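The primary structure of each chain is shown beneath.
There are 2 protein chains.
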Amino acid sequence: MKHLVVFTPSGKRGSFETGTPVLEAAQQLGVDLDSVCGGRGICSKCQVTPSFGDFPKHGVFVDESAVSAWNAIEQRYHDKRGLKPNRRLGCQLKIQGDLVVDVPAESQVHKQVIRKAASSRKIEMNPATKLYYVEVLEPDMHEPKGDLERLKTALAEQWNIDDTHASISLVKKLQNILRKGDWGVTVAVNSTPSESLRRIVNIWPGYHDASIYGLAIDLGSTTIAAHLTDLRSGKVIESSGVMNPQIRFGEDLMSRVSYAMMNADGASAMTNEVRKAINKLVLELAESAKIEPEDILEAVFVCNPVMHHLLLGIDPIELGQAPFALATSDALYLDAKDLNLVSLIDDARIYLLPCIAGHVGADAAAVALSEEPNKSKDLTLIVDVGTNAEILLGNKQRVLACSSPTGPAFEGAQISSGQRAAPGAIERVEIDPKSKEPRFKVIGSDLWSDDSGFDESIKKIGITGICGSGIIEAVAEMRIAGLLDESGLIGSPEATGTARSKPDGRTYSYELFANKDASQPAIQVTQGDIRAIQLAKSALYAGAKLLMDEMEVDSVDKVVLAGAFGAHISSKHAMILGMIPDVSLKNVTSAGNAAGTGARIALCNINARSEIEQIVRKITKVETAVEPKFQEHFVAANAIPHKHDPFTELRKVVQIPSPSFNALSGKNGKLGRRRRRA
Amino acid sequence: MKHLVVFTPSGKRGSFETGTPVLEAAQQLGVDLDSVCGGRGICSKCQVTPSFGDFPKHGVFVDESAVSAWNAIEQRYHDKRGLKPNRRLGCQLKIQGDLVVDVPAESQVHKQVIRKAASSRKIEMNPATKLYYVEVLEPDMHEPKGDLERLKTALAEQWNIDDTHASISLVKKLQNILRKGDWGVTVAVNSTPSESLRRIVNIWPGYHDASIYGLAIDLGSTTIAAHLTDLRSGKVIESSGVMNPQIRFGEDLMSRVSYAMMNADGASAMTNEVRKAINKLVLELAESAKIEPEDILEAVFVCNPVMHHLLLGIDPIELGQAPFALATSDALYLDAKDLNLVSLIDDARIYLLPCIAGHVGADAAAVALSEEPNKSKDLTLIVDVGTNAEILLGNKQRVLACSSPTGPAFEGAQISSGQRAAPGAIERVEIDPKSKEPRFKVIGSDLWSDDSGFDESIKKIGITGICGSGIIEAVAEMRIAGLLDESGLIGSPEATGTARSKPDGRTYSYELFANKDASQPAIQVTQGDIRAIQLAKSALYAGAKLLMDEMEVDSVDKVVLAGAFGAHISSKHAMILGMIPDVSLKNVTSAGNAAGTGARIALCNINARSEIEQIVRKITKVETAVEPKFQEHFVAANAIPHKHDPFTELRKVVQIPSPSFNALSGKNGKLGRRRRRA
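So the sequence lines, in the order shown, correspond to chains Y and E.
Taken in order, the first sequence gives residues 1 to 678; the numbers are from the working numbering.
Taken in order, the second sequence gives residues 1001 to 1678; the numbers are from the working numbering.
Next comes chain Y alone, as it looks inside the complex (with noise of 0.2 Å):
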């Protein structure tokens, strides 16, 4: 006798005998419903909670006789782990009467999970790697296949999963675990539509009764970052950064290039130095989320260029010089392996994003592929702000891409008192315009230095320096205060009328800061600081009109700001430096670390690999260092905006004095060749 099933929320129905399991009804009509034991009530990954009533909609009515009654193996899950109310395991669950079935979201494989930066798109889960448990035939000597050729067929025949393939180092393991599992092993397998090989990554013996993780690496040249995620839900467990250790190589991309140049195992020497610190990082991550490092089994990387060729052990010099021929420029899968990854088992998958140019990377394909401006309506113009800035500006027509060599200003190098962005950082700036007296906010409290508590929320971490957001702040409220001239000179404590403005060699800094301790260094802004935040702005306002030029365009409609510290930048304070081209304050959103979204969207999802392979091949490519108009957007790029500007919005909330001292030429020899050289 058969019965009518409804699944919700999918809508999808079908007639299933009397008995049948609710999971096996699920996988024959393609609901998404999840298992990893294929039914054999060890995984409790097919919750389902069946519904009771009338469902006009649906044409039923159900009662509880519809349902088989609550058994053994669920009382002994339920005893275990706890099952929610309502809850009943799909695998045990059996149809005994027309029946309504909601499948949670935990229990479908293609999971959403919404995204935490502003836009909260949210990311499908699709990810490349899954558990399988499967019974494996013991062995016999008259049918003598191997561990490995009967664990494949185990999987061909009990998952459906044929052509799989396993490397020598799993099949090191095999015959121990095999046995171990007394024959009943839990197997990772990865696939990917680019590959035509199935691989098995890992093997545990039993049922695993853990997750699996993956990794998404943003390799800055600045910084590392990195976000263990949950290949099961979607979930980031626990984010870190480091510094790249390659910054004692050279702090920008050109002196690292310069470096491999110059020294025989340069590049080399630079490549092991980012491969221990990723080793490492990996392992405290690991540590901390109180996992093991053999159930990461899956890492995706997005790096500019140069990073990409180190992290991968190729020379790097063919980047430095035109025509900035990438060596490989398709997206890569690769084993940990290949990259002497040890924190991460032989077999775990590394996936590149694609390079789009020379000198755009996998980083601007992941913000490609977390903005989406391709299917934008508005003209938007993303910029990722790192080391180097990844200069996006499209719609659904066109997209075009850049970078430009910012250098690490905006991260808080090469400032006198910068720092990464960690608790001690000032991150927030005031300049009273009347008085010149400053007031900030420091990392890890949440009150302005003028309010009352605030020496004491900062007791134990101290004032310790100036993260990137901090100086761009302190920048432009010292250019709103009149203290900085629109060339971006530091005017004396006679011009300025404050004691702050202090000599400094032939120039003046001001004092954001005085230490009590004495012992400790004032935190102030020197006029080296502000030439180095100028040369950054200037660098990436020229790349972003480049692109504008390119596109044949005045003006954008919508600006994002992405990168580490985007989420962190005030829009306000970014125009006032003339970060970014003109456009309404309120169509300046941020998008946080978009490089880094960009990773976990294709660490969960395999589709989102394709998408961006397809989407890159389709994007314009603007070289900054050969375009001689760079150079000139540059240079007139390098003041800061006075009153005359067009920032209209920006007049009526700020009244920017007039200079008072004379202008200082941009145009300063060392940088003019630097730029070229880029």
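In case anyone wonders, no lab produced these hints; they're calculated from the structure.
Among the hints, erroneous ones may be present.
[Stated by the list, open to error] When the alpha-carbon atoms are kept at most 25 Å apart in a straight line, the in silico DMTMM-like pairs for lysine to aspartate or glutamate are as follows: (1) K1618/E <-> E138/Y; (2) K629/Y <-> E1273/E; (3) K276/Y <-> D1346/E; (4) K375/Y <-> E1143/E; (5) K45/Y <-> D79/Y; (6) K1618/E <-> D79/Y; (7) K1173/E <-> D162/Y; (8) K173/Y <-> E1143/E; (9) K1396/E <-> E143/Y; (10) K173/Y <-> D1335/E; (11) K172/Y <-> E1273/E; (12) K172/Y <-> D1335/E; (13) K618/Y <-> D1162/E.
Every value quoted in this text rests on a predicted model; they were computed, and no experiment measured them.
Given chain Y's structure and the hints, the job is docking chain E onto it.
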């Protein structure tokens, strides 16, 4: 205007426009005409001979006007290398009239190589790895594809080779080589029917004017033999062998398995040793052949299951006990770096033939590939004699296989005066039944020891020991001469009537050669040697008998002796010893190193790989170690046949005297235990 063109010897024909190059016509017709440079006049692989005169069979008359004139490119090649008379370059020769063109054997890709071995079977060349010359587009800033991607495009456009893949190792060297070759490079592409991806395994700047090579490696328990083979011509250009250094961990397979069982790092120590020995062997081969190791692009391995696992780094202990489960049984495609074969380039491709069963390895599969019992009308018994004997019995209907633990005695090991078959080793022995005096031949001299000039002929090499074939003949001759009784006991000087029978503890030894230099030990056959040979031959005979039982036959039609010294065994002596079952002497042939030949076939022809992978699935496996009848046959075979045995043919040839002393039981305890454990 179109002209008829006929290619010989294929007979393929077609019509082509005036001016079409012969190479192009050949490619369009699918004629087997080689080319590496793709018609650029660089490689000279496409040499053809136009035929002139009347060809009534083809219906054409060809005169000199049918071909374009000898051109500058042909002249340049001829000046540099020389072309044989009447040869033209197919890429330069243009069709101007009806034409008959002969493609000489060396211009055919699928040329055939006559095997040296007895059966003179041809190996058709169809290697997995081939060379292609390509011209790669230079990098373009505005079309920023990577070097690798442009190389792939070139392969696809110029050779119709799609979906090529390259490892990171290859990408690392790509940049440099592309630029060194000014964007013209030769690439070696590996493709096999079993693998979905084509692999770029090596790359050279410009046209690579050298051949490429592969290794056929027979990895035995006692010796490792390697044949360096030209992958274009199929010729073996250098062969060499070394002792397997694992011998210090145990002489036979089971003692090595025991070593792995008893020592935590035992298996990996043995893995390291064998890989080190292979690396050394490869470098020596390359050096003596005067080729670059980076031109060696493939290696095919055949070996027994224990060697197979130890080569792969897999713990072999499961192979030491029932059910003798292989960790992996199917054929394996690997990279040299997976096996740490640092003598080869990282990307050199490794192919391991499939294992037949837990005790019947890839070496037996190679023997099956080489000797093709599955294609024989006659019931053929093939014994590949080594430390472990691989035994195959079959015909078109059915093939059975087993292996038998003979121990290394047949290879001259565990023999008191034993040594490898090398100059100085006694390889042939005759003993006069009346005088009991021996005569012998030594490797390195064509003379018998009683020929005049013998001493002079061995002056440089000396007489250093006795090899496998020598000991077999010595034991058989001792039996014929009445120096041994049926049980294998050596008689006293009194019983045998010769002073060459010398007391040796509680038993006697037969002195084959008394060294004149008293400081050098005499070469003699001890009672222990006889026992070792008895063990070995009983194991061999028992294995063959077991297969005959399974096949339900009492006799076989043919016997093929294979193995490193198969070519040197005297069939007569083998039969006197009872190594092989009763069969007419004329039906006993020698196949030389059949396993090594199988490896060479798999190296030279990818279809042979698919073929053996299919055949292996159909072979019936017999496990000697657990068949109670093996023990019975083994014990029964211990004796050395006397005049009442059924070897009628032998009786005519030799008169075996009756034994005159007590038989010694062959069922000594140690032996029985060892066999059971195996």
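**Request:** Sort out whether D79/Y lies within 25 Å of K1618/E, counting only the CA atoms.
**Result:** Distance of about 51 Å is beyond 25 Å: violated.
Practice task
Sort out whether E1273/E lies within 25 Å of K629/Y, counting only the CA atoms.
Solution key: The hint is violated at about 63 Å.
Check whether the Cα positions of K375/Y and E1143/E lie no farther apart than 25 Å. holds (23 Å)
task = With a cut-off of 25 Å on the C-alpha distance, tell me whether K1618/E and E138/Y pass.
result = holds (21 Å)
- Does the structure keep K1173/E and D162/Y at a Cα separation of 25 Å or less? violated (35 Å)
So if I understand the rule, the pair passes when the alpha-carbon distance is 25 Å or less; does K618/Y with D1162/E pass?
holds (22 Å)
Q. Taking only the CA atoms, is the gap from K173/Y to D1335/E under or equal to 25 Å?
A. Holds - the C-alpha atoms of D1335/E and K173/Y are around 19 Å apart, at most 25 Å.
_Holds or violated: K173/Y and E1143/E, Cα atoms, limit 25 Å._
Given that 25 Å is the threshold and the Cα spacing comes to 45 Å, the pair is violated.
* Is it true that the CA of K172/Y sits at most 25 Å from the CA of E1273/E? -> Status holds; Cα separation ~18 Å.
- Message: Does D79/Y sit within 25 Å of K45/Y, going by the straight-line distance between their CA atoms?
- Response: Measuring from Cα to Cα gives roughly 16 Å; hence the hint holds.
Between K172/Y and D1335/E, does the CA-CA distance stay at or below 25 Å?
Holds. K172/Y to D1335/E sits at ~16 Å (cutoff 25 Å).
Item to check | Pair hint outcome, K1396/E versus E143/Y [Cα-Cα no greater than 25 Å] | outcome: holds (21 Å)
Violated hints for the displayed structure, listed by number in ascending order: 2, 6, 7 and 8.
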